[in-house]
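Based on these hints, arrange chain C on the given structure of chain R.
Residue numbers (our numbering), protein chains in the order written: chain R, 19 to 430; chain C, 58 to 484.
No false leads were mixed into what you were given.
Here are the simulated PhoX-like cross-link-like pairs (lysine-lysine), alpha carbons at most 25 Å apart as the crow flies:
id : chain 1 : residue 1 : chain 2 : residue 2
1  : C       : Lys209    : R       : Lys160
2  : C       : Lys358    : R       : Lys132
3  : R       : Lys301    : R       : Lys328
4  : C       : Lys304    : C       : Lys385
5  : R       : Lys139    : C       : Lys385
Simulated from the structure, these hints should not be mistaken for laboratory data.
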Amino acid sequence: MIQFEKFQLDNGLKVLVHQDTSTPMAVVNVLYNVGAKDEDPNKTGFAHLFEHLMFGGSVNIPVYDEPLQRAGGENNAYTTNDLTNYYCQIPAENIETAFWLESDRMLSLAFSKKSLEVQRKVVCEEFKEHYINKPYGDTWHKMRSLAYTQHPYRWMTIGASLQHVEDATMEDVKDFFFQFYRPNNAILVVTGNVQTEQVKQLAQKWFGPIEAGKPYVRNLPKEPVQEKSRSMDVRADVPLDMLMMTWHMGGRFDEGYHATDLITEVLGGGASARLYEQLIKVKQIFSSIDCYHFGTVDPGLLVIEGKLVKGVSMAVAEKAVLEEVEKIKNNILDAKEVQKVINKTESVICFEDMSIMNRAHSLAYYELLGDADLMNKELSMYQKVTPAMIQHTAQQIFQDSNRNTLYYYSKS
Amino acid sequence: MALDRIVAPLIKDAIDFDIQLKPYQKFALDNGVEVYAYEGGAQEVLMVDMVFDAGNTYEPKNWVAAATNFLLKNGTSTKTSFEITDAFEFYGAHLNRTCTNETATVTLHCLTKHFESVIPLMGEIVSEATFPEKEIAILKQNQIQRLLLNLKKGDFIANRLIDEYLFGIQHPYGKYSVEQDYKNITREDLVAFYKQYYQEGKCVIFIAGKFPTNIQALLNKHIGQLPLNKKEIKEQAHPIVSATEKKYSIVNDAASVQGSIRLARPFITRHHPDFPATQVLNNLFGGFFGSRLMSNIREDKGYTYGIHSFLQNYKHAGVWMVSTDAGKDVCTATIAEVYKEMKKLREELVEEEELKLVKNYMLGALLGDLDGPFQIISRWKSYLLNDLSEEYFYRTIQVVRALQPEEIIALANTYLNEEDFYELVVY
Numbered sequence: 019m020i021q022f023e024k025f026q027l028d029n030g031l032k033v034l035v036h037q038d039t040s041t042p043m044a045v046v047n048v049l050y051n052v053g054a055k056d057e058d059p060n061k062t063g064f065a066h067l068f069e070h071l072m073f074g075g076s077v078n079i080p081v082y083d084e085p086l087q088r089a090g091g092e093n094n095a096y097t098t099n100d101l102t103n104y105y106c107q108i109p110a111e112n113i114e115t116a117f118w119l120e121s122d123r124m125l126s127l128a129f130s131k132k133s134l135e136v137q138r139k140v141v142c143e144e145f146k147e148h149y150i151n152k153p154y155g156d157t158w159h160k161m162r163s164l165a166y167t168q169h170p171y172r173w174m175t176i177g178a179s180l181q182h183v184e185d186a187t188m189e190d191v192k193d194f195f196f197q198f199y200r201p202n203n204a205i206l207v208v209t210g211n212v213q214t215e216q217v218k219q220l221a222q223k224w225f226g227p228i229e230a231g232k233p234y235v236r237n238l239p240k241e242p243v244q245e246k247s248r249s250m251d252v253r254a255d256v257p258l259d260m261l262m263m264t265w266h267m268g269g270r271f272d273e274g275y276h277a278t279d280l281i282t283e284v285l286g287g288g289a290s291a292r293l294y295e296q297l298i299k300v301k302q303i304f305s306s307i308d309c310y311h312f313g314t315v316d317p318g319l320l321v322i323e324g325k326l327v328k329g330v331s332m333a334v335a336e337k338a339v340l341e342e343v344e345k346i347k348n349n350i351l352d353a354k355e356v357q358k359v360i361n362k363t364e365s366v367i368c369f370e371d372m373s374i375m376n377r378a379h380s381l382a383y384y385e386l387l388g389d390a391d392l393m394n395k396e397l398s399m400y401q402k403v404t405p406a407m408i409q410h411t412a413q414q415i416f417q418d419s420n421r422n423t424l425y426y427y428s429k430s
Numbered sequence: 058m059a060l061d062r063i064v065a066p067l068i069k070d071a072i073d074f075d076i077q078l079k080p081y082q083k084f085a086l087d088n089g090v091e092v093y094a095y096e097g098g099a100q101e102v103l104m105v106d107m108v109f110d111a112g113n114t115y116e117p118k119n120w121v122a123a124a125t126n127f128l129l130k131n132g133t134s135t136k137t138s139f140e141i142t143d144a145f146e147f148y149g150a151h152l153n154r155t156c157t158n159e160t161a162t163v164t165l166h167c168l169t170k171h172f173e174s175v176i177p178l179m180g181e182i183v184s185e186a187t188f189p190e191k192e193i194a195i196l197k198q199n200q201i202q203r204l205l206l207n208l209k210k211g212d213f214i215a216n217r218l219i220d221e222y223l224f225g226i227q228h229p230y231g232k233y234s235v236e237q238d239y240k241n242i243t244r245e246d247l248v249a250f251y252k253q254y255y256q257e258g259k260c261v262i263f264i265a266g267k268f269p270t271n272i273q274a275l276l277n278k279h280i281g282q283l284p285l286n287k288k289e290i291k292e293q294a295h296p297i298v299s300a301t302e303k304k305y306s307i308v309n310d311a312a313s314v315q316g317s318i319r320l321a322r323p324f325i326t327r328h329h330p331d332f333p334a335t336q337v338l339n340n341l342f343g344g345f346f347g348s349r350l351m352s353n354i355r356e357d358k359g360y361t362y363g364i365h366s367f368l369q370n371y372k373h374a375g376v377w378m379v380s381t382d383a384g385k386d387v388c389t390a391t392i393a394e395v396y397k398e399m400k401k402l403r404e405e406l407v408e409e410e411e412l413k414l415v416k417n418y419m420l421g422a423l424l425g426d427l428d429g430p431f432q433i434i435s436r437w438k439s440y441l442l443n444d445l446s447e448e449y450f451y452r453t454i455q456v457v458r459a460l461q462p463e464e465i466i467a468l469a470n471t472y473l474n475e476e477d478f479y480e481l482v483v484y
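This is chain R alone, in the form it adopts within the complex (with noise of 0.2 Å):
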């Protein structure tokens, strides 16, 4: 159970606060309410260009790493589609440096020239080592815009091309700024070795002048449901064949979310998950195979990816996944394969909750999703998913028409 305490500014900034007494560090996470699925379809990547820009000296501090590692503080910022998250661990007696940085970046950036020239130059090389200068490094930029016809889950976050990025103007940046980094539109959580009463004070005078912005009313294009199944095959210059599928599945709200979950860890979850046993272990077709899903807040994905052993066909790999599919489908579950991937997700909530820094995380996360408290309920959620559900939801998803197939081919 983590404990929390919850008020909001005039602006709008709502405040989490969790106090941890056993630990010498606070940490102080921003988490934005803007990702990539926010972006214009003609200036993508822009949400993660915006995480590097903010690195670059806001109004009144030209140098955001300096003041916070001379406190003894460390930092780091993730986007994804759906938000973008800001985060510092710093020894709690000099919390105030971190409000301090950033208020000002809230605030307002400094706009440098120079910062975006160079950060449209990292984030080039950041393509080029994870998506072009690797293999299968384009397979989700191929996969996404198979899958998604409307919806902006249909570009990655770091853009869906370099020309996007690389044409980003200072205009563009100033709009989408003073569009999404407003007060009203961020949540601030501070966790660790602090006082309600300390942060209370804190927020209002670093982060209560700020001005509220214009209320951001999120009005995303729906993806139809897709009545046929779609499929693409690709060759390059890869070792191994690659097989993944995609289905569509509901959001972070819809009743079968964490029947959805329960399923990937049914089949992908571990060594002695379905996939792995039957597909690597007895049948050798794969050499790896995965099953995850997306976790997003509008509806996501559920995926299945795996190597093929060399030698092993295409359609041979398919058939035997489509069979554990079916399986999943047509018979339902013995109690004990359901307790245990319960089991497992007890353990991974205990194991994350360990550090002040996910605690922080999550609170910010779930009070994204509406209520911060949600966190301490996710446990008993997955506890009254029951083996109807998951076969219920599982015929539901694992549908011929509801897939993609990206079919990708070794060259040699």
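Coordinates of chain C only, in the frame set by chain R:
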């Protein structure tokens, strides 16, 4: 009064923090196996690390140590591979294996309430593993495929080659496996290695987290009766044969858009009196986000997504390494900038402010690194396995606090000379 956003709030310098390495508890099992324990944390979880002297330095031929370690849980005298994994996973427990140069480890993470149910299995795999032929065949096949994939990656090739240049292909720190090595392994190799280095091997245990009250009795029952620590295990001396040629450029993939750059020199170990101070120099040079390499090559020039310098601590040797992936057309320029930064450190006194920032960053990070029971035991493990003590911990803090710009220049002149570095780019 208007809020002053220009001037930074007052801070307490991290160099003034009282940083403590909390002590461990220690007890011995009936068979003499020592257990180092740190109890704490808010979550009802714990970890058990069994560390064997079974790293690749002991193997008679390539890959034996790693394959033995990997296959520990793929079959015992009473259970199949699936039954073992399923039993751990049923309780939400994780069993990981890692094999390094000197040691090989079996690590259990589990909920405290399930410890009693899974510890017998842990005892079983380190005493009754059977290495079924079928499991070996599957591992070989998958390992060869994984290698084929890795050989496509420039950074993988670069990491292997730079170690080979530094230590020689015969040395445990320099060697790596090729396809034929995987094929050459037999069941007999694994069984013999297992008997000598696990069943009758030398083991030490580290535990941390929330313990069940009967943890000592349970460890004694399931591990304390095994015939461990009876025989002496001799570490073989391996001569280092460094390459004579220092500069390499290799094309692994003509279509590559980046080059993987590695600059590395042989270096001292943590037992050398200079080591604590060189950590400060390393951080200043390229050890964190605010370092000179990162500021110059990423933040000023945008040549790379990231560039890092680090001190690799092996038990018997050290390496100072600079590692980055940079755009193909700027690899040469990147290397030139790295050498320029070395030269600057050799010739110009570092400003007091910059040095203080690095010190504060290091000690603040250290405070954060020691936060939590797993982190504390992991620090102790690293010390105890390398014959270091808490004296080393406190001396390091002292040295970091007191280090002067003149000492930094002297260290840079000793350790950061271009001609001592091997240089490799893999495109």
